[in-house]
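The opening position of the sequence shown corresponds to residue 1 in UniProt numbering, with each subsequent residue numbered one higher.
Please keep in mind that the hints were generated in silico from the structure rather than gathered at the bench.
Where hints are given, some of them may not hold.
[Claimed, not checked] Using 20 angstroms as the maximum straight-line C-alpha spacing, the simulated SDA-like pairs for lysine to any residue come out as follows: (1) 36 to 68; (2) 36 to 55; (3) 65 to 51; (4) 36 to 84; (5) 36 to 109; (6) 36 to 65; (7) 36 to 63; (8) 36 to 89; (9) 65 to 93; (10) 36 to 53; (11) 36 to 128; (12) 36 to 50; (13) 36 to 60; (14) 36 to 58; (15) 65 to 33; (16) 36 to 106; (17) 36 to 4; (18) 65 to 87; (19) 36 to 103.
[Unchecked claim] With beta-carbon atoms standing in for the labels, derived distance ranges: (20) 92 to 16: 26 to 32 angstroms; (21) 16 to 72: 27 to 33 angstroms; (22) 48 to 4: 39 to 45 angstroms; (23) 51 to 133: 46 to 52 angstroms; (24) 132 to 64: 38 to 44 angstroms; (25) 23 to 125: 32 to 38 angstroms; (26) 91 to 20: 42 to 48 angstroms.
Here a beta-carbon is modelled for each residue, glycine too, at the ideal position from N, C-alpha and C.
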Amino acid sequence: MATRNAAQQRAQAKVEYNAFLAGCPSRQLLDRISDKWVVLILCALGDGPMRYSELARRLAGVSQKMLTQTLRSLERDGLLTRAVTPTVPVTVTYELTDLGLSLHHLTQGLRSWAQNNMAEVLKNSENYDAHRS
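With the hints as extra help, turn the sequences into a complete structure.
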C-alpha cells in the first residue's frame, strides 16, 4: 500500500467531509459559524469595513469580551482581517475576506428570514403552548 504525504491526506479528507458523521471536523465549523454573534458580525461587515466601536454600537447587547472573542475567532478562521492604524488613539478596522464574504451572503439570508418570519414563529409558539397547557 502506497503511503500518502500530508497534502494528499488533507485532500482526501476534504473529499470525505460529511457533517452527518460524528467525527467530521466540519461539525466544529458549523458550530462556530451558527453562533448569533458570528452571524450578526458577518451581516454587519457586509456593509464594508468597520471599526471596533462601530461594530459594538451596531450589535446592541454584545459584551466587549464576547465581541473581542468572536472577532478573534473569525480572524483566526480567515473570515475577516484586522487592520491596525497607528493613530492616537489607535484605529482598528475589521473587514471581511473573500471567504467571509461568501459566508456573509448566507448569513444575510438567514438574518432576513428570521426578521421576516418572527411574527409567524411567535404565533405558532403561542398556539403550541396554549394547546399543551
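For this session: Tell me, in ascending order, the numbers of any earlier hints that this structure violates.
Result: Numbers 4, 8, 11, 17, 18 and 20, in rising order.
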